[in-house]
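K.L.:
Residue-level listing of the chains:
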Amino acid sequence: MNYSLPYGNRRFSGTRTTLDLPLLASVLALCVVGIVFVFTSSAVHSRLQFHGHSDIIVSRHVARLAIGLAAMSILALVKFQLLHKIARALMVISLVGLIAVLLLPKLPDATAKRWLMIFGFSFQPAELAKYALIAYMARRFTEIEDCPFPAERTRKTLGVLGLVALVLVLVVTEPNLSMALLIAATATALFFLHGVPIKWILMALPIAGAGAGVVVLIKPYMLERIRYFLAAITDPLAASFHVKQSLIAVGQGGWLGLGLGQSTQKHFYLPEPYNDSIFSIIGEEIGFVGSMLVILLFVILISRSWRIAVRAQRGFSYYLAAGITVSLACSFIVNVGVNLAVLPATGQPLPFVSFGGTSLIMSLSAVGVLLNIARQQAKNERWFPNGPPQP
Amino acid sequence: MNIPRPTKPASVKNRERFLVIAFLFFVAAFAARLAQLQIFEQERWRALADDQTRGAKEEALPRGEIRDRSGHALAVTLPLTYAVGFRPKDCAAKDSVAQILTEYLPYSYETLRKKMDITPFTYLSRKVDWLKKDLIEERRLPGIEFYREARRGYPEGSAAATIVGFTDIQGKGQEGIELSLDKLLHADPVKAEFWRDARTNTVPAVMSSDMESLTGVGAHAYLTIDLSLQRVLDRALAQALDGRVYEKACAILVDPWTGDIMALATLPTFDPNHPGDVSDTTRKCWPFTDIYDPGSVFKIVTVSAALQEEAVSRSTMIDCEGGSYSVPGKVIHDAHGYGELSVDEVLAKSSNIGCAKIASRLPVQTFYDWIRKFGFGARCDIGLSGETAGIVPRPDNWMGPTRANLAMGQGVSVNVLQMTMAFATIANGGTLMQPRLIKAIEFPGEEVFEYSPAPLRRVLTPEVASNLTQMLELVVEEGTGKAAKIEGVKLAGKTGTAQKVNLAEKCYYEKRFVSSFGGFFPSDDPKYVLMVVVDDPRDGGYYGGQIAAPVFKTVAEEILALRFPEKLPPPKKIEELASKEEEKASEIDSSETDSAEVFVFDSLLYANVPKIPMPQLSGLPLRIAASTLRDLGLGAQLLGNGRVTSQFPPAGLLVPVGYACEVQATSALFAQ
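Top line first, the protein sequences correspond to chains A and B.
With the first letter of the first sequence counted as 1, position 315 gets the number 315 in my numbering; the numbers rise by one all the way through.
With the first letter of the second sequence counted as 1, position 261 gets the number 1261 in my numbering; the numbers rise by one all the way through.
Treat the hints loosely; a few may be bogus.
For lysine-lysine, the following DSBU-like pairs were computed, each having C-alpha atoms within a straight-line distance of at most 30 Å [what the hints assert, rightly or not]:
#: 1; chain 1: A; residue 1: Lys79; chain 2: B; residue 2: Lys1013
#: 2; chain 1: A; residue 1: Lys199; chain 2: B; residue 2: Lys1008
#: 3; chain 1: B; residue 1: Lys1008; chain 2: A; residue 2: Lys79
#: 4; chain 1: B; residue 1: Lys1132; chain 2: B; residue 2: Lys1094
#: 5; chain 1: B; residue 1: Lys1132; chain 2: A; residue 2: Lys156
Derived by calculation from the structure, the hints in this document are not laboratory data.
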């Protein structure tokens, strides 16, 4: 029989921990990969930008990583149910941030109105909005599930849809199309998991298509990128300069790569080698084997967090964990897909690896939430070995 | 342990599965794409990467040095400079780049901008020093490339410039040893690979590590030139000919025992650091590359041949026909008419008729063979390019006057070195030496390859050689070469005055001559062979004895003073000097003392120092003046050379012992 007593007392429960170790390990491993590759890919830029100091960018990255890990630890300890309470407030703050970022002047050196300066730190409200939307949608969907009136449920679902549309419009206006795409994908996945009929989703597609058409009309470079992307499917050399540079980087890596620090493409051939193009540098410096290992880490991470979502059954934690998982998976797919020219070019950081302020901190915080959910699940399993009590 | 769970609707489970499959689809797509790019297409992408990131350029390595026999550098490679190159295809903003470059390069905006349109590559500037190069490099301008350039420097300036030669801007030898040993001195440029970043700047970290591994420089050449003798020769020749009008002049100093060319001075001279300042004729080593008719100096060949063949003896009397003598096709004249002369006297007085008659006692073929035996008509092969063999007419082409002409050095073309080596043959007892200019080649990191002195053949028996030496001594003692006489030193030499060849019209100039004097000293123990050639002297006199012999004397004196001061007569005793110069001194003093009297050495500094009267030095050779002062216990600060022209303090003044007197000397040779 089972001697590990389900009394929650560690002293009696052997070495078993409530921590989701594979998830934590894969995240920390990706963070280490991140430090290494932010350093090798930023050294040249840093030296040029900071008068010979090659380590400035990587130290900034490490500082942000430390903040992110701290946030992760705190959120892993704080009950995730707190988010249920503050979901609405977070959503309001995010919307205020998204509107503020449009009204305030552009930051110097910025190409778009994406960043807010808060206490000397630049901050992307869209990143916060992504997770606030996930939390808010999780809460609303739980409420909807509890609602016995079908008409009321439909109204509430449409209300959520309206909110999603508002967030998307605000993010597109920044403009930050890739972020809008990620938010749209995450939201769609949540609607999908919520059980919205497929035909509704199919009906929403023409509307989304029309929205995309408007965006393309306003931003012709989008069309250009798609055109390049399509051309490059048949002939990689027809790709745009930056896409070609990504392919050169990955391609010349070969089986084992050129070796750490040996990338040629980081010498200004690739745009933002320590951010959006970091996966190309990984491919170039540690080759097929290394890239596959990094992909494997992501697969572990995603599968573990998906497991948490699936185990959560229905309810707030289910939507929260699923939303976070989908969001992380989408970031991963978009970044790697773009670097491998499998997807049209767009700039999106690789979670946990790329240099990035808000994105890195938010991703780690999200993992913190996942860890907390997993922790509570493990505890519940001890307390209620036959499943959670039925309400 | 199975935990029973509340069941999820099947539709939601299916939807979850769909999402998982979608994710796995992407992961599989990524894996496939990575395999395609990195495993199957790696070569192709690597080629594209190399294409855009890798470049290679040739880097010059230091060229070997040229040094004198004791290792003093004559030609060195100076610290690197850089050529600034420009590749238009790498630069989109040519206007602004040109504007920035005007700050660093000595060109106007328009000039630079125009150069920048030259495709695919052009040099914007050369010989840019490293400091400027660093400044330009810091701006990280697109399209700009730097190439290391070797710059050649000649620390001794014009010393032996015609032998050392010079290089062009790319460091390739153009004249002299620089040209003839170009392949040895030259270090093969090393192909240096570099990386280029997307801003078309070379990646410095990669660059420097590549550069450090480069080793290997060109070989160093050691010449037989002796720099101190070269300096003396240069100075003495320039001094001796100062103020004279002539086309060109040279003096060559050879060690008769080894054939080493110790020094070669040419006038006009040039500075190989700025070879562009003078014409080609000045820059080439004309004593080796140009031919001339030697004239009477060549009579040593005629006389030695006749003596060695025993066609005449030194005392054989030759009728010199009173100054005019017909040979088939020509009438030969002597400068002065002579009657019967012994062979000694024929040479001493340089009688053309006498020599023609001596030569006529030799069969044509024998005489020709003798000329060839002395090395005429064959290149000396000293290792300079463009060296001439000279022209000796073959016997079957000889016509009526040819033998008589050859006997007196007309109708035969030689170079100065060949003539000098003939004197060296007599000086060393009859062996023709292979003249040596390149002493050794040092391959860096390897052993030194040395050329040893090489005798070519025995030309004269020692007896004939010593007879000839005595005859040449007579030339200096009482013959045409009296002007070369140095008191107390035995000198052997021969004058020469040859009609200059008019190459344009293939005849001799009526009134243009090459005046020369060759000889060796001290003739009882020959140390050096010296040959002085003055081409086309135009002011007052053209005879070798008038023009070249005094130059020979000055040069020989200086060289002896430098190397064998004991061979020169000892300086005269002070008492003698004093008594000798007394009258003169009093004369000069009366006119010069008014300013001198102001000087009284009675300061405290000299209070307890014994004082002696200052000797009269004016007119003495500087060497003697210096030893006089030294013997008196006075210091000397010597300026110039030649004979003393002024002194301080003036003669007769009481000078404290140890006082450093100033003695100014100038060569008085032509001042009279």
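K.L.:
Against this structure, judge whether each hint is valid.
P.N.:
Status of the hints after comparison with the structure:
Of the supplied pair hints, the one linking Lys79 of chain A and Lys1013 of chain B holds, its CA atoms being roughly 27 Å apart against a limit of 30 Å. The hinted pair formed by Lys199 of chain A and Lys1008 of chain B meets the criterion: a straight-line CA distance of about 21 Å does not exceed 30 Å. The straight-line distance between the Cα atoms of Lys1008 of chain B and Lys79 of chain A is roughly 24 Å, inside the 30 Å bound, and the hint therefore holds. Between the alpha carbons of Lys1132 of chain B and Lys1094 of chain B the distance comes to roughly 20 Å, so the proposed pair stays at or under 30 Å and holds.
Restraint check for Lys1132 of chain B and Lys156 of chain A: the C-alpha separation of about 72 Å exceeds 30 Å, so the hint is violated.
Hint 5 from the earlier list is the only one contradicted by this structure; the remaining hints agree with it.
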